[in-house]
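Here is what each chain is made of, one letter per residue.
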Amino acid sequence: MLLEVLLVLGTLLIYFLFSKKKEETLPFKDGWWGRGQKPLTKEDSSIRPFKVETTEEELSDLFRRLDQARFTEPLENSCFHYGTNSVHLRKIVSYWKNQFNWKKQVEILNKYPQFKTKIQGLDIHFVHVKPPRLPEGRAAKPLLMVHGWPGSFYEFYKIIPLLTDPASHGLGDEHIFEVICPSIPGYGFSEAPHKKDFNSVSAASVFYELMLRLGFNEFYIQGGDWGWLICTNLAQIAPNHVKGLHLNMVSVSKLGLTHLLSVLLGQYFPGLFGFQDEDVRRMFPFLKKGLYRILSESGYAHIQATKPDTAGCGLNDSPVGLAAYILEKFSSWTDIEFQNLEDGGLERKFSLDDLLTNIMIYWVSGCIVSSMRFYKENLQKGIGTQKHEKLTVQVPTGIASFPNEILHIPQAWAKKKYTNIVSFHFMPRGGHFAAFEEPELLAKDILQFVDKVEKEQLWKKKGE
Amino acid sequence: MLLYWLRSGHKIKTIDMGDGWWGPGERPLKGKEDASIRPFKIETSDKEIEDLHQRLDRFRFTPHVEGAAFHYGFNSTYLRKVVAYWRNQFDWRKQVEVLNKYPHFHTTIEGIDIHFIHVKPSYVPHGRAVRPLLLVHGWPGSFYEFYKIIPLLTEPAKHGLNEGDVVFEVICPSIPGYGFSEAPHQKEFDSIATARIFHKLMNRLGFREYYIQGGDWGSRITTNMAQMLPQSVKGLHLNLVFIARQSLGRLICIMLGAYVPWLVGFTREDVRRFYPYMQKNVYDLLRESGYMHIQATKPDTAGCGLNDSPVGLAAYILEKFSTWTDKSFLRQDDGGLESKYSLDELLTNVMIYWVTSSIVPSMRYYKENFSKDPDLSAHNRVGVYVPTGIAAFPQEIAHVPRVWAKDVYKNIITYSYMPRGGHFAAFEEPKLLAQDIMQFVQKVEQL
Numbered sequence: 001m002l003l004e005v006l007l008v009l010g011t012l013l014i015y016f017l018f019s020k021k022k023e024e025t026l027p028f029k030d031g032w033w034g035r036g037q038k039p040l041t042k043e044d045s046s047i048r049p050f051k052v053e054t055t056e057e058e059l060s061d062l063f064r065r066l067d068q069a070r071f072t073e074p075l076e077n078s079c080f081h082y083g084t085n086s087v088h089l090r091k092i093v094s095y096w097k098n099q100f101n102w103k104k105q106v107e108i109l110n111k112y113p114q115f116k117t118k119i120q121g122l123d124i125h126f127v128h129v130k131p132p133r134l135p136e137g138r139a140a141k142p143l144l145m146v147h148g149w150p151g152s153f154y155e156f157y158k159i160i161p162l163l164t165d166p167a168s169h170g171l172g173d174e175h176i177f178e179v180i181c182p183s184i185p186g187y188g189f190s191e192a193p194h195k196k197d198f199n200s201v202s203a204a205s206v207f208y209e210l211m212l213r214l215g216f217n218e219f220y221i222q223g224g225d226w227g228w229l230i231c232t233n234l235a236q237i238a239p240n241h242v243k244g245l246h247l248n249m250v251s252v253s254k255l256g257l258t259h260l261l262s263v264l265l266g267q268y269f270p271g272l273f274g275f276q277d278e279d280v281r282r283m284f285p286f287l288k289k290g291l292y293r294i295l296s297e298s299g300y301a302h303i304q305a306t307k308p309d310t311a312g313c314g315l316n317d318s319p320v321g322l323a324a325y326i327l328e329k330f331s332s333w334t335d336i337e338f339q340n341l342e343d344g345g346l347e348r349k350f351s352l353d354d355l356l357t358n359i360m361i362y363w364v365s366g367c368i369v370s371s372m373r374f375y376k377e378n379l380q381k382g383i384g385t386q387k388h389e390k391l392t393v394q395v396p397t398g399i400a401s402f403p404n405e406i407l408h409i410p411q412a413w414a415k416k417k418y419t420n421i422v423s424f425h426f427m428p429r430g431g432h433f434a435a436f437e438e439p440e441l442l443a444k445d446i447l448q449f450v451d452k453v454e455k456e457q458l459w460k461k462k463g464e
Numbered sequence: 001m002l003l004y005w006l007r008s009g010h011k012i013k014t015i016d017m018g019d020g021w022w023g024p025g026e027r028p029l030k031g032k033e034d035a036s037i038r039p040f041k042i043e044t045s046d047k048e049i050e051d052l053h054q055r056l057d058r059f060r061f062t063p064h065v066e067g068a069a070f071h072y073g074f075n076s077t078y079l080r081k082v083v084a085y086w087r088n089q090f091d092w093r094k095q096v097e098v099l100n101k102y103p104h105f106h107t108t109i110e111g112i113d114i115h116f117i118h119v120k121p122s123y124v125p126h127g128r129a130v131r132p133l134l135l136v137h138g139w140p141g142s143f144y145e146f147y148k149i150i151p152l153l154t155e156p157a158k159h160g161l162n163e164g165d166v167v168f169e170v171i172c173p174s175i176p177g178y179g180f181s182e183a184p185h186q187k188e189f190d191s192i193a194t195a196r197i198f199h200k201l202m203n204r205l206g207f208r209e210y211y212i213q214g215g216d217w218g219s220r221i222t223t224n225m226a227q228m229l230p231q232s233v234k235g236l237h238l239n240l241v242f243i244a245r246q247s248l249g250r251l252i253c254i255m256l257g258a259y260v261p262w263l264v265g266f267t268r269e270d271v272r273r274f275y276p277y278m279q280k281n282v283y284d285l286l287r288e289s290g291y292m293h294i295q296a297t298k299p300d301t302a303g304c305g306l307n308d309s310p311v312g313l314a315a316y317i318l319e320k321f322s323t324w325t326d327k328s329f330l331r332q333d334d335g336g337l338e339s340k341y342s343l344d345e346l347l348t349n350v351m352i353y354w355v356t357s358s359i360v361p362s363m364r365y366y367k368e369n370f371s372k373d374p375d376l377s378a379h380n381r382v383g384v385y386v387p388t389g390i391a392a393f394p395q396e397i398a399h400v401p402r403v404w405a406k407d408v409y410k411n412i413i414t415y416s417y418m419p420r421g422g423h424f425a426a427f428e429e430p431k432l433l434a435q436d437i438m439q440f441v442q443k444v445e446q447l
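Quick mapping for you: the protein sequence lines, in order, are chains A and B. Using UniProt numbering, the first residue of the first sequence is number 1, and each one after it goes up by one. Using UniProt numbering, the first residue of the second sequence is number 1, and each one after it goes up by one.
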């Protein structure tokens, strides 16, 4: 009895001590996302090895659906302006049926060690790759990399060796990483939440628990798309554990008068608004590159943020529909001009094997609906309304700004949120799926960022 | 800027009729278009039904989150029940017979086959006039939405309606790209092209003057028809009004209307339906317009999976029949669908999209209509001068007060606050809608 009372008092004391810091940090979001009621017994925290598997039945079911796919002829001369062109889609489906080898791709997926562990009621899947060799006396730096939608942990397969074994890839061996790539709950092989309200803060909290469970007290984090937001939240929840935050995408939700003015006048007085020449080149004309682009590319986000279960229903039943939906993003988010091509420019930057492997992860795990729900849980109350959107990030931040990203956010805007930007680079080429499309460019930027943070011991300074 | 202002303020009297070609390839230079009207019967086959059943059997279901009801979209637990009914009890052959009870036809206009049903009264009492009435459906509906209202309009007396001297012969076409009308092969097929094609259809059927009625896209198409050839439109009846322009004046109206409605021309019922403004007109619309956004930008992507998965198609379409009939249905696990409709009629409408593979072309219509800058498109600058009747249903997605409708519709003869019913007026409340159409037409006939 006394023990319980002391525990309660102790917890209250700690709460009060920590609550003073509420202004600067985002509270850790605990939760129970499993089915039904949270059991009274302690959660199993073991880390179990996992391998992706497939069966003949899975393959023959897929082939039957591909064989019986019903296509609709595109309008004449429409290229990719109406979405994924079905003439080209037919070619991809033919490759999928006749040449794509899922069993071989599964072996590729399994080349990196994968695991599952239960956190907050959900089985969390992750890849954990340690360096193949470490020079004497050196330690590997833990790096958490978070994917987005419609991507997966597979997006990192080409960049992982550049980070765990940089020397073999001509990148120098000053900084060697062990890389952890989890699947966001509801994506791929991570269990989908059974309860409402699982948002980016929930995901950040789950990943934070994951890193602690793996024994890491200090680590780097990297992300784009939803990974950008989850890593940002993680840096806000646990600034003392995150040595550095690296992003290949940034977004801002607190828009004010300065933003409006800089959009209207930034082209003419860039210096006044802190814009560099490259910022102006990427952002203007603003109607075309900003407003219209958002409108024409965000239909999916609008429907997924409001009716995810409807939007994903057919896609979980039609692999061709799923492929069309996902591939469209790999086209226009890699280069918006690809819409003018009959083949959507898909194979210019990616191989069909890679594209289809990512799609297969959504198909075999049946996760498209739960992946879409993440939009609703994050966006339904409106952009700019959540607590974490109002908080800043003090952790040393590195931003790699890719030219074909959907929207360009200049450093002048980013630094209002990320108060400790250590590096901000305009990348020479590449779009939204940076790790997938330009792994070497991204790896180099991560390395130079980490180098800065380590050399100047920046992570120690941020507490002040 | 001056030129823009001049251009946008300039009122033009009618929309240019123009012309179009929607068939494949180039328009043939020689030869007149085949203007024959060919009878048509909907058919099905064992193969078609077998294929449907196989797809229903292998549907891959995703469990919803706890307490989802219809807040995340179509509830998958209820969807399973619908699929079970569809697989085991729904009889498509029987429904095809139901569909064929009215005469169907095809005729080629501007290079594409236009489908329509044409129902004449079987018996016309002495001294009654028979007026032609064109009914235009919307998305995700079809000509089938009118099957319950047609008998009330062609034979009102038999159904206890006695609205004066008029009975109707009803023509319900399918919008090109929907149902059994061929889909356009060229880009830019919009509501103005549709309006022109429907005028040509009525003309081909021998009508010079006719009444027109519509909701959803039907509202926009019939409005365009009235703007294009006012001399042919005796009366325009709408169960949905679109207003395109928001202006400073409107904004002030909105703000004042909550407190001094009489000052801005709002009635008490307007206030009841219109406010709280942000909730009903901004949030609710944002929540319900995701489909419109994706269809207006990436229709081929949005419809791809739905043309391949009948269950996905049903979920997508039936979600609208739930929420647009009554917003409170969102809170129900079964979306309240069967409280207003039978599964047979809901699935028959879905089957029309399925057997004709028309979901993708039906979605393209959104892109073709919304791509252009609304301020510059003709029909937002042209007033509607033909006699207009508006039936305002309480559960319609957004309410437009009469005083705002007058900005576009200069000659409103009747404006009725309907006691109940939502977006799919003809489908859900055929008698109420028929009565309103009749009392409107009666007034027009007396003008």
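Treat each hint with caution, since some may be false.
As the list claims (entries may be wrong) - The calculated lysine-lysine pairs, modelled on DSS-like cross-linking and capped at a C-alpha distance of 30 angstroms, are:
{"id": "1", "chain 1": "B", "residue 1": "187", "chain 2": "A", "residue 2": "288"}
{"id": "2", "chain 1": "A", "residue 1": "97", "chain 2": "A", "residue 2": "51"}
{"id": "3", "chain 1": "B", "residue 1": "187", "chain 2": "A", "residue 2": "387"}
Read the hints as simulated data drawn from the structure, not as lab findings.
A quick look at each hint next to the structure:
Of the supplied pair hints, the one linking residue 187 of chain B and residue 288 of chain A holds, its CA atoms being roughly 22 angstroms apart against a limit of 30 angstroms. Restraint check for residue 97 of chain A and residue 51 of chain A: satisfied, since their Cα atoms lie roughly 24 angstroms apart, inside the 30 angstroms limit. Distance check on the hinted pair: residue 187 of chain B and residue 387 of chain A sit about 45 angstroms apart at the alpha-carbon level, beyond 30 angstroms; violated.
In this structure, only the earlier hint numbered 3 is contradicted, and the remaining ones agree with it.
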